[in-house]
Amino acid sequence: MALLQISEPGQAPDPHARRIGIGIDLGTTHSLVAAVRHGVAECLPDEDGRVILPSVVRYLEGGGRQIGYAALASQVADPRNTIASVKRLMGRRLADLASLPPYELIDQPGMVVISTVVGPKSPVEVSAEILATLRYRAEDSFNADIDGAVITVPAYFDDAQRQATKDAAQLAGLNVLRLINEPTAAAIAYGLDNASEGLFAVYDLGGGTFDISILRLTRGVFEVVATGGDSALGGDDFDRVLADDMAREAGLADLSASDRAALMWQARQAKEALSTSKQVTVSLKLAGKALNWSVSRDRFEQLSAGLTQRTMVAVRRVLRDAQLSSQEIQGVVMVGGSTRMPVVRQAVRGFFGQEPLVNLNPDEVVALGAAISANQLVGNRGAEDLLLLDVIPLSLGLETMGGLVERIVPRNQTIPTAMAQDFTTYQDGQTALALHVVQGERDMVADCRSLARFELRGIPPMAAGAARIRVTFTVDADGLLTVSAQEQISGVQAQIDVKPSYGLSDDDIARMLKDGFATAQQDMQARALAEAQVDADRMVLATRSAMQADPELLEGGERQEIEALIAALQQQRATGDAAAVEAATQALAQATEAFAARRMNKGIAQALAGKNIETL
Amino acid sequence: MNLQSDDFELFDLPARFAQDIPVIDARWKQLQRQAHPDRFADQGQAAQRLAMQWSVRINEAHQRLKNPIKRAAYLCELRGAPIRAHDNTAMPAEFLMQQIELRQTLEEAEGPAALQALANQIQTQKAQLLQQLELSLDQQSDVAQAALQVRALMFVDRFAQEIDARIDQICA
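Chains as they are written, first to last, in this note's numbering: chain P, 1 to 616; chain S, 1001 to 1172.
Hints were generated in silico from the structure; no laboratory data involved.
Among the clues, some could well be false.
In the BS3-like style, the derived pairs of lysine-lysine whose C-alpha atoms are separated by at most 30 Å in a straight line are [claimed, not checked]:
#, chain 1, residue 1, chain 2, residue 2
1, S, 1126, S, 1070
2, P, 602, S, 1029
3, S, 1029, S, 1070
4, P, 602, S, 1070
5, S, 1066, P, 602
Keep in mind the model is a prediction, meaning the values are calculated, not measured.
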């Protein structure tokens, strides 16, 4: 039961219209889009029948661009303008990067930008190109507009990276229903196919990130018990150890960018071949020299042992966070193309003492789960009744005296969550307090990631220690944070919703959209109006069905007031002014808030009452 | 039932220390099924905001109920004996001596086996304290005694975390 759910199908403008929700796996090396069609989740192919879109964007002189396979083919020839593995740069500064790509990066506050032949490009813009390509693919597949999208992110992504991903989706013209964690998406795909119950580990080794999550599955509830991993470890690193070995044996030190790209490409081919062969020989030409290089699976295991070990350290830690032993895990789901490597499967088998689950395509499983989730979130009736209970991957805190971190929200806390802590002034007559929000597990601020700084001003002068400043951290279901502060005695509230500095401001996004990027062909105003009208219709429909379902909860005069606002909204809807439609929708939303709250309270009470009868 | 209900009312549980964790978890999921913002993903911002408030409140109660120390501290608070861990650290001398000795043992412990043995010892102590706490809260209704036991458990719990951190260091 959903409290404001549209309960009268006859009231819908078109009762048979299914709404379209898509799931997008925005990966380091490749991306996919999937949707539920005819009751089944499937990956949507491009016009050549390929479901995988390489996450590569090439910028051409004069303003054109190539995306996907075409860009991938140019990687060796034009490494400086061909942007691969951009996911690693999302929400990152130069100092955060373990290794550098073959294209040129410029350090900037918040996030690096990439220097290309057409000027600087933010990782958000590059990601938006990929997302927009998938969006067009989905629109072509359905020959219709998309109602909403679920985008997957590694569970280990921090606030900066999540914010950047959401910005990219917005820039690509997608209505983001939810960011969900990749392992959760994988479990959804597996859980439904296999009707599994119990504790599962999801071992996800992608191109650029490693995630390990423990989930508890019970009748459609996907509860993330704990999550961990390494956002700078993936299949690319396995390529790199092979490439480094090749270069070392060939006695090549300083490689040009294009030679380096060629070497990495060969290393990746060799790695993939080693999943089926015991020995691989590579022939290539580097720096004018012809090379023959041979590598065995055993040698590869040796070279990559440190990388595999790093994943197992994270596995151990996450089990301890969940207070579980490896024997309590009923199944280990393998996700990500890199889990095809026998060395990885061997390590997982050894640790958990069981064969990992590999029966779904590890490249597609995340997109499929996201599609199932999206189908439900757009509100399709008859969709599976899922509930995702996620946790926050990294602790959040504030800087205190001496550069120490005071932890406010510990990692692996179920979200959404709000946690508050009281602070005080340390000088007589102090009227302002600087707040520095950080993320990470270390005790020193210097070792954590700085998220945002803001100030609470206007505190009335008091003796040191007399003020009581309550700082509240709120993390929404997407894992995004807002922070607010209030002085309790005076009530002074310098409430600031912290949008982390690396996130794009709404103005930035508006400017980028105006620059004709990603949605160049779209008429922005027409789209804004269409979106406002859809929101308006949804609001009217929800309100009407709510009033019909619970008329007794309306207080005197409330119905008349609401009806008047509905009439006003419908009048505005016809005028064609997006801002006016939005304002009228907002007015209706505000006027119905008290009524909605009463319905919510009633719903919760009923849910409890119903349960009591069940458990009798 | 509203956002101001206490944790036990919200979860429809008797306000006592002894609880069945699987029941708490099941009720948590049942409540979240009703209130999670995802249930209202297509229903506008007002519904989302309300759902978020409920969902946050349910998670808060769940965190407190499922953790025995937090649950006990909450019961003490409801019964008029708040723990005030920050400004009330007065503990019996005997207990403090024992803590100092344990800390020395931790500093001198070498190798994972010794640390694990210490960790087991602390787990046993913690279990005993929890049993006494149940007695104080549910049988004897001695809230002052219970508050003291909660403070002792906070010490013990912090110490257990330090052992874990040491084991981590050694394994890494």
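Exercise for review: Run the structure past the numbered hints and jot down the numbers of the failing ones, going up.
Suggested key: Violated hints: none; all satisfied.
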